[in-house]
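Chemist: Single-letter residue listing:
2 protein chains.
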Amino acid sequence: MSQANTTDITTYMQSVGKQARAASRALAAANTGDKNSALMAIHDELVNAKPDILAANKIDMDNGHKNELDSALLDRLELNEARFNAMLQGLKDVASLPDPIGEVTDMTYQPSGIHLGKMRVPLGVVGMIYESRPNVTLEAASLALKSGNAIILRGGSEAFESNQAIAKCIIKGLSQTDLSEHSVQVLQTTDRAAVGELITMTEYVDVIVPRGGKGLIERISNDARVPVIKHLDGNCHTFIDSDADPEIAIKVSVNAKTHRYGTCNTMETLLIDASIAKDLLPKIATAIIEADDAMQLRVDESAESILADVITLNGHLSAATSEDWDTEYLAPILAVKVVDGIDEAIEHINTHGSHHTDVIITDNYTKSQRFIREVDSASVMINASSRFADGFEYGLGAEIGISTDKIHARGPVGLEGLTSQKWIVYGHGEVRA
Amino acid sequence: MSQANTTDITTYMQSVGKQARAASRALAAANTGDKNSALMAIHDELVNAKPDILAANKIDMDNGHKNELDSALLDRLELNEARFNAMLQGLKDVASLPDPIGEVTDMTYQPSGIHLGKMRVPLGVVGMIYESRPNVTLEAASLALKSGNAIILRGGSEAFESNQAIAKCIIKGLSQTDLSEHSVQVLQTTDRAAVGELITMTEYVDVIVPRGGKGLIERISNDARVPVIKHLDGNCHTFIDSDADPEIAIKVSVNAKTHRYGTCNTMETLLIDASIAKDLLPKIATAIIEADDAMQLRVDESAESILADVITLNGHLSAATSEDWDTEYLAPILAVKVVDGIDEAIEHINTHGSHHTDVIITDNYTKSQRFIREVDSASVMINASSRFADGFEYGLGAEIGISTDKIHARGPVGLEGLTSQKWIVYGHGEVRA
Chain V
1 MSQANTTDIT TYMQSVGKQA RAASRALAAA NTGDKNSALM AIHDELVNAK
51 PDILAANKID MDNGHKNELD SALLDRLELN EARFNAMLQG LKDVASLPDP
101 IGEVTDMTYQ PSGIHLGKMR VPLGVVGMIY ESRPNVTLEA ASLALKSGNA
151 IILRGGSEAF ESNQAIAKCI IKGLSQTDLS EHSVQVLQTT DRAAVGELIT
201 MTEYVDVIVP RGGKGLIERI SNDARVPVIK HLDGNCHTFI DSDADPEIAI
251 KVSVNAKTHR YGTCNTMETL LIDASIAKDL LPKIATAIIE ADDAMQLRVD
301 ESAESILADV ITLNGHLSAA TSEDWDTEYL APILAVKVVD GIDEAIEHIN
351 THGSHHTDVI ITDNYTKSQR FIREVDSASV MINASSRFAD GFEYGLGAEI
401 GISTDKIHAR GPVGLEGLTS QKWIVYGHGE VRA
Chain Z
1 MSQANTTDIT TYMQSVGKQA RAASRALAAA NTGDKNSALM AIHDELVNAK
51 PDILAANKID MDNGHKNELD SALLDRLELN EARFNAMLQG LKDVASLPDP
101 IGEVTDMTYQ PSGIHLGKMR VPLGVVGMIY ESRPNVTLEA ASLALKSGNA
151 IILRGGSEAF ESNQAIAKCI IKGLSQTDLS EHSVQVLQTT DRAAVGELIT
201 MTEYVDVIVP RGGKGLIERI SNDARVPVIK HLDGNCHTFI DSDADPEIAI
251 KVSVNAKTHR YGTCNTMETL LIDASIAKDL LPKIATAIIE ADDAMQLRVD
301 ESAESILADV ITLNGHLSAA TSEDWDTEYL APILAVKVVD GIDEAIEHIN
351 THGSHHTDVI ITDNYTKSQR FIREVDSASV MINASSRFAD GFEYGLGAEI
401 GISTDKIHAR GPVGLEGLTS QKWIVYGHGE VRA
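Chains as they are written, first to last, in UniProt numbering: chain V, 1 to 433; chain Z, 1 to 433.
Simulated from the structure, these hints should not be mistaken for laboratory data.
Mixed in with the good hints, there may be bad ones.
[Stated by the list, open to error] Some chain V residues flagged as far from chain Z (calculated, every beta-carbon gap over 10 Å):
no., residue
1, K58
2, D70
3, K92
4, D206
5, E301
6, S385
[Claimed, not checked] Derived DEER-like restraints, expressed as beta-carbon distance ranges:
no., chain 1, residue 1, chain 2, residue 2, range
7, V, H428, Z, A274, 18 to 28 Å
8, Z, L330, V, R260, 51 to 61 Å
9, Z, T108, V, G262, 43 to 53 Å
[To be verified] No more than 35 Å apart at the CA atoms, straight line, and that leaves these computed lysine-lysine pairs for DSBU-like:
no., chain 1, residue 1, chain 2, residue 2
10, V, K118, Z, K251
11, V, K214, Z, K118
12, Z, K230, V, K118
13, Z, K18, Z, K230
14, V, K230, Z, K230
15, V, K214, Z, K18
The beta-carbon is built from N, C-alpha and C at its ideal position, and this holds for glycine as well.
Model the full assembly from the supplied sequences, consistent with the hints where possible.
Modeler: Encoded structure:
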């Protein structure tokens, strides 16, 4: 298929779409037990096929080395023993989650006599586009099945052999159940034209979930006609208010910045109230540097005048430029700004942040409530590390992704993000007057 | 502005967008009393300016006659005494609705110690694009204000004077309150380039709500980068099951087809089970023709063989083509098809319907529940007229529109459709392990 021309790709994708739509109808009506059995059948097939999958992954890795892929990409591509077992455990975890489908809420009688409520239903067909990590193939398939959705998967070309080997197990597992083998379809082509078809087949695909770098996600969002649940930047702030508990301020700042760098909920900018900055900022800055000696602080003028004489910070300071306030570093770099109270803090966050996760450290009731209400972010926190903005820490059991959209799903998205609610009406022969 | 070039339009729209974003921040923090006061201040301004508004409308009507607009469009454009009063009443109704903003749900402690929940918040900035009816200007503005959103309104050029006159009252009303005058902005240009800017300014606009014909909505959906809450076809079905109560079948069919023709929840196709069609279909068809002698029935072969001899149907029957199953007539025309049981009915509805509103008439428990679960539509009903699919009949108080999307909002959309939920975390110094 890789060499197929565009007409062939269109025909191929139309047939994939049609099959997915048909499978989604059956899946929407499947019961929870059948869906869980399918997940466990896939689990058993994976256990049996472990040598084949690891061998397929070795082909991808060898090709990756030959093609001189960078080491971070090769790392994500690799399936070793530990990752394979984690993948199996993840599948069992999804099987044990409660089924979101069928929940009926808000049933009330209306003046006309009809009994009206909402029923949670699958979205239908999910399209997933992702890069190197082959375990995403299984994770996405299991989340889709559990939530009653058919899924079309398009992984990266560098993981082609691994993904096909995993797909074989999924199809084998499905074939032992009453669910359609087309419930999960891993594309058999890496032709880019297939992505173009996938994100525009509004009659067959209900939502696109891209996973990967910002470039990939922006490209997909721009070209898609199908709605996209997307995750862009995480430019997260911690604001140390004048009424902050100093110990909490230090502890949370260190955790939010240094716990991990590559994650979207890592603090990128520290804001601190001018009235306490002279006393508290040196302590926070020192603690962060102590946690990681490689840390660089990009400081505004006020912060610099406070920190310049602190000997331990020697070599860790540089002047912030206006660009720093808008940057997600994903690295041991922290922007630091002294602000004149909560109004400037909120204004800065709403203007320069990415509306992902922002934190206030304070012991003042009024300011804590203003921050919660006025900061326009997917997660807003008081006295806690931004690192908590995560599907597992939020108790969702599994994470489809983290959404930076306001529409449909916001912040960490669990199985519910792959569902919708339809209105249901139980009547007794009512007609409209 | 109408003669401005594209650069000017871009500059103008950027400034409108920036002002809307700033106003939305203040609105998000406004309390319910202030929002209601603003609505009542606008109400009073409208009462005072009634002669001016009606005079402005007369200019639009005169221009419309001169430009030979069709009579349906002229009818929608006209603001008479009754419509003006209905508009005022609508404003008071919105003021009396409960405020959706600030509702906190699902607060639970997580194992880490954080107290986690969700808070309902405004989307931010709404862009509304609509055609002739000037009362939409006020309706949209009031719904946006009540739900804490700033709004940018772009009405049809044929209603320009009316919309500007109403906008004046809105601004005057807002100026008497603490809310920003930029909370509601009616565009001062009818240049089409402004629409192009509005639907792509993702940094300033959070959602687009188009109202108008299918052509307008498809165009906007195709070009938009901002998410769109859209309403396309309403190709609604009523399926008369073999276990239907005949009286309910007749009563509901007549109401669903003949109550109104131009509405999206009107029945367009009647499906009837073969086993009862011979007895019941002539009765239903006759009752529908009795209700409106102008009715045309487009029937499949089986229905024709049953109905051909019914004398009262003389001149009302013609053979259905495959196109009929996919058509929203919005007229006294009904497609009729005899199906072989509930499986064929569900398959037909899911394939040919528009996923808007579909009804089963049955007294059988199992089939009623299968229909509810398996029909993939925004509203699915048992033994009730599809005409109930409406924000007011569903008790939403006001209706932003009816969504045919599955993402974010589905079916009738009330104030809640203009809101989102953010995660809130109340911590006590927790950090991630």
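Chemist: Does each hint hold? Answer for all of them.
Modeler: Evaluated hints:
| no. | hint | in the structure |
| --- | --- | --- |
| 1 | K58 | holds (35 Å) |
| 2 | D70 | holds (28 Å) |
| 3 | K92 | holds (20 Å) |
| 4 | D206 | violated (6 Å) |
| 5 | E301 | holds (26 Å) |
| 6 | S385 | violated (5 Å) |
| 7 | V/H428 with Z/A274: 18 to 28 Å | holds (26 Å) |
| 8 | Z/L330 with V/R260: 51 to 61 Å | holds (57 Å) |
| 9 | Z/T108 with V/G262: 43 to 53 Å | violated (29 Å) |
| 10 | V/K118 with Z/K251 | holds (25 Å) |
| 11 | V/K214 with Z/K118 | holds (27 Å) |
| 12 | Z/K230 with V/K118 | holds (20 Å) |
| 13 | Z/K18 with Z/K230 | holds (25 Å) |
| 14 | V/K230 with Z/K230 | holds (20 Å) |
| 15 | V/K214 with Z/K18 | holds (25 Å) |
Consistency with the previously given hints fails for numbers 4, 6 and 9, ordered from lowest to highest.
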